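**Student:** Residue numbers (the numbering used here), protein chains in the order written: chain A, 1 to 223; chain B, 224 to 956.
Hints were generated in silico from the structure; no laboratory data involved.
Check before you lean on any hint, since a few could be wrong.
What the hints assert, rightly or not - Ranges between beta-carbon positions, derived for each pair: (1) B/Ala-239 / A/Ala-139: 16 to 26 angstroms; (2) B/Leu-255 / A/Lys-215: 40 to 50 angstroms; (3) A/Cys-218 / B/Gln-349: 34 to 44 angstroms; (4) A/Ser-83 / B/Arg-418: 33 to 43 angstroms; (5) B/Pro-266 / A/Gly-71: 28 to 38 angstroms; (6) A/Glu-73 / B/Asp-477: 51 to 61 angstroms; (7) A/Thr-143 / B/Pro-266: 40 to 50 angstroms; (8) A/Arg-124 / B/Lys-851: 48 to 58 angstroms.
Values in this document were obtained by computation on a predicted structure and should not be read as measured data.
Don't be surprised by glycine CBs; every beta carbon is placed ideally from N, CA and C.
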Amino acid sequence: MEELKANLTSPGPEHGEKEDGAGGPIILFFILGLIGSLLVGWVAFPALLYSQKKQPIDFNHVLHNGLVDNGCESCHFFREDGSYSGVPKLAQCVQCHEEANSENSEEITFVEDYVKKEREVPWRVYSRQPDCVFFSHVAHVKTGKMDCVTCHGPIGETESLKVYEQNRITGYSRDLWGRNIAGLKRNSWDRMKMDDCAECHEQAHLVPGSVQTQKDGCFVCHK
Amino acid sequence: MKIDRRCFLSFVIGGAAGTALSPLPWKLTDDLSIWSQNWPWTPIPPKGETTYVTSTCTLCPGGCGISVRRVEERVVKVEGLKGHPVNDGGVCILGASGIQLLYGPSRVQAPMKKVDGAWRSISWDQAIAEIASTLKELRAKGQPQSVAWISDTDRGTTAELCRRFLTVYGSPNFIRTPSMQDAYEMALYLTQGNRAMAGFDLAQATFVLSFSSGLIEGWGSPPYLFRAKSVMRQKGGRMSQVEARLSKTAAKADQWIPIKPGTEGALALGLIHVMLKEGLYKKDFVETRTGGVEALRKIAGDAYAPEGVSRTTGIEAKAIIDLARAFAGAKKPLAICGRGSGRVPGFVQEYLAVHFLNALVGGINTSGGVIAVPEPDYIEWPEPEMDAVASKGMQQPRVDGAGNGRYAMTRYLLNRLPEALAAGAASPVQVLFVSSSNPAYSLVDSQSTAKAFKRIPLIVSFSSYMDETAAMAHYILPNHAYLERFEDVPAALGFPKPIIGLSKPVVSPLFKTRHTGDVVMQLAKAVGGTIAGAFRWESYEACLKQTLGDKWDALRKNGYWVDAKFAPGAFETKSKKFEFANADIAKLPAYASLKAPGDETSFPLTLMAYDSMRLTAGYIGSPPFLVKVLEDTILKKSDVLVEINPATARDLGLSDGSSAVLSTPKGNASVKVFLFEGIMPGLVSMVRGLGHTAYDRFLAGKGVNTNDLMGSVEDPGTGLEAAWGIRAKLTKA
Chain A
1 MEELKANLTS PGPEHGEKED GAGGPIILFF ILGLIGSLLV GWVAFPALLY SQKKQPIDFN
61 HVLHNGLVDN GCESCHFFRE DGSYSGVPKL AQCVQCHEEA NSENSEEITF VEDYVKKERE
121 VPWRVYSRQP DCVFFSHVAH VKTGKMDCVT CHGPIGETES LKVYEQNRIT GYSRDLWGRN
181 IAGLKRNSWD RMKMDDCAEC HEQAHLVPGS VQTQKDGCFV CHK
Chain B
224 MKIDRRCFLS FVIGGAAGTA LSPLPWKLTD DLSIWSQNWP WTPIPPKGET TYVTSTCTLC
284 PGGCGISVRR VEERVVKVEG LKGHPVNDGG VCILGASGIQ LLYGPSRVQA PMKKVDGAWR
344 SISWDQAIAE IASTLKELRA KGQPQSVAWI SDTDRGTTAE LCRRFLTVYG SPNFIRTPSM
404 QDAYEMALYL TQGNRAMAGF DLAQATFVLS FSSGLIEGWG SPPYLFRAKS VMRQKGGRMS
464 QVEARLSKTA AKADQWIPIK PGTEGALALG LIHVMLKEGL YKKDFVETRT GGVEALRKIA
524 GDAYAPEGVS RTTGIEAKAI IDLARAFAGA KKPLAICGRG SGRVPGFVQE YLAVHFLNAL
584 VGGINTSGGV IAVPEPDYIE WPEPEMDAVA SKGMQQPRVD GAGNGRYAMT RYLLNRLPEA
644 LAAGAASPVQ VLFVSSSNPA YSLVDSQSTA KAFKRIPLIV SFSSYMDETA AMAHYILPNH
704 AYLERFEDVP AALGFPKPII GLSKPVVSPL FKTRHTGDVV MQLAKAVGGT IAGAFRWESY
764 EACLKQTLGD KWDALRKNGY WVDAKFAPGA FETKSKKFEF ANADIAKLPA YASLKAPGDE
824 TSFPLTLMAY DSMRLTAGYI GSPPFLVKVL EDTILKKSDV LVEINPATAR DLGLSDGSSA
884 VLSTPKGNAS VKVFLFEGIM PGLVSMVRGL GHTAYDRFLA GKGVNTNDLM GSVEDPGTGL
944 EAAWGIRAKL TKA
């Protein structure tokens, strides 16, 4: 009880010394926490967030681009009703690949596992937008005269398909947010988020989102 | 160095600062919002090429053209076909929900056999062989007539194949499910002499007098009549609805005339009385093209003077006279009948009276009138060779009594089958085939029907769905669903021109089902002999193509063929005139309003069934979407609501929403009460189409089947089902 009284009446010099003495570890722990969380946020989190998935067949865009007449649209074409075909179906591939045309192991796998078994190739689409997004290719490519590269990058110049990184939470591709986890971009095709759509629509003073109403609005893109 | 609480807090603060400076929280927020906006378990229509397939809807006899949108191989929407003569882009709620009948859970996915009360899958070959062996035994015993077939239609190639099978097998017992078509066909046959379907040129009429017909509640071909009624009204036409209850059609009419139920025929005769007395009829038509008007004067004599009719119907005498004058004074008046959606055929005298009204104003086979549309005649197959067993069997009387004695003029009497089955030591039907129909549910007095069916040793259902009749069958040989198969649609109910529709596969069959037409041929081959010889087609599709001949290409392309230049033919009676009276009509007993069965003291109220566009009551069960959009004045959770007048409720001590027990001489049911000013005191009204025990969890166990509580009433003249109500009692639960 006496001791307690003493403590209450005079804080005593020991307390102040103790605080001063703990200043070092406190800062150290702060820095540890800071660096640790920065490492988690910038390095561990992105590594954990995405799963790496190989494409079923390693497709060579350069090779195919050299063999067709109409560039990207030779395979990624518009249908008569204006809708966009997207990734080619087996029916298109079969036009040339009913039998393997080379010794290439990827082509042989393709013919054996898919063409002969009449199975569609489960391609993973890097640019597949969430289902709540409505995007019309024909409005951008035909009416807006944009080229494919602006959004999709020089994918036509690749000889091999990169690994598809799937977001474990959303199930969509990493390419929507972009390679850079901070969301920074150098090229117009580095990201495919809503801000990127808006940026282009604002900068280029293009027609507003809706051709019909001449206005922008949530329901133009989010049906 | 001592590590204490402060160090820990410091670490946490540093961690929080570092986390805030990293992309983690922002990226996580973004990802979680994307995830929550696109729940992975929500079904998403596939992406791919969109195509449209033109077809004809076969969910009801309406014959509407449909355009089915597909993404790749998946059906995503059913729309009305623009430019189609019947529905021109319109589609009813059932048609629009058709996808659920393709992908829904109540499909029967493979042939099944009931073994010890449980369903077992069986191969097609084995099922056909087993059924064929029973059929062969019956023939060997000389009882081919003990095989019967129930079908929703007697027209089109599938129905004709079934009938042909029975004929060469040796049974006259092909039975069509009842509907108002039976009574209309009879009225046309009696007065005009031809077996024809009644078409209604409603759009061109200027005054429509409807005797309880639910023009916007499923009567005839719904999208055709919805549109025709709107066109008629937009052109200044008027409509009077005579009905005991303020139905949706009555609410949309210019005039609603409440009438004591079951007395509609008396009102029609009362109107005839006024028109004849006041000379309000088209004299040139009546004098030159009709015969027997003097007899009609007698039929609609003094007994049908306005005062007497007023007492019978509850409508004021002046209102009757006014109505007769308004009807006769209109440029193109049209009178129609068939209660609600026309599910129950009704009293043929009533149809005759209404048809006479049309004849008096010259509205027969003319613009804005009733058109006799000839029965389709494109099925021209060679007569099959019959062996002695078949010829003998075909000479036996029909099990339902149609075509004999009292019912000589009636073609099908399914309503009389349960009674015939119950009589005698053994069931007169040993094998029953049921295609596209669900009599155990949809026949009036369904409980007696189901009980009688239990006496049949072998029931084979061709249903695509696990309906009530399929559930009590011994074998199910599932047909393709309507979006998976070819089918000719030989007419559109109530449409005033001959039209043939083609229903064609929109997707490949999803399950191990077979077209009933093909199965009939396979059964015939398995039975062998002349029966096999009667079916020389390779497949149903080949048969259909050959049958439709030069129309096939047009049908494949447009989905329909219409006789645009059609002009109704002459009357085929002996006098070549429209006959108000003749020997056949004279055989019918005099008109007398049919009473609802039951004792009035024990059952002080009268129960009537009404129809809703949001429920089906026939072979096709309501898909989940229909049940979902049912008003809460019809169904609350699993309870059906019955409509009663607030005055009736006061007398019974019931209030809105209170639970009650509805009793009729046929049974009891738990219901809830909905107070409705639009129904006469003393009546109870309940929706038709609920109370299923079969199908899926979306439909089964909800509400009450009106047919379970109803009793059959036979039209004394024709034997057709004429039940419009039954005495009932409502007590507080």
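**Student:** Could you run down the list of hints and mark each one as holding or not?
**Tutor:** Each hint, compared with the structure:
Taking 16 to 26 angstroms as the suggested C-beta distance range, the pair B/Ala-239 and A/Ala-139 does not conform, at roughly 45 angstroms. The given range of 40 to 50 angstroms is broken by B/Leu-255 and A/Lys-215, whose C-beta atoms sit roughly 30 angstroms from each other. For A/Cys-218 and B/Gln-349, the Cβ-Cβ distance of about 59 angstroms falls outside the hinted range of 34 to 44 angstroms, so the restraint is violated. The hinted window of 33 to 43 angstroms between A/Ser-83 and B/Arg-418 is violated, with their beta carbons roughly 50 angstroms apart.
Between B/Pro-266 and A/Gly-71 the Cβ separation comes to about 36 angstroms, which falls inside the hinted range of 28 to 38 angstroms. Distance hint for A/Glu-73 and B/Asp-477: a CB-CB separation of about 60 angstroms, consistent with the stated range 51 to 61 angstroms. For A/Thr-143 and B/Pro-266, the Cβ-Cβ distance of about 32 angstroms falls outside the hinted range of 40 to 50 angstroms, so the restraint is violated. The hinted window of 48 to 58 angstroms between A/Arg-124 and B/Lys-851 is violated, with their beta carbons roughly 36 angstroms apart.
In the structure shown, a violation is registered for the earlier hints numbered 1, 2, 3, 4, 7, 8, in ascending order.
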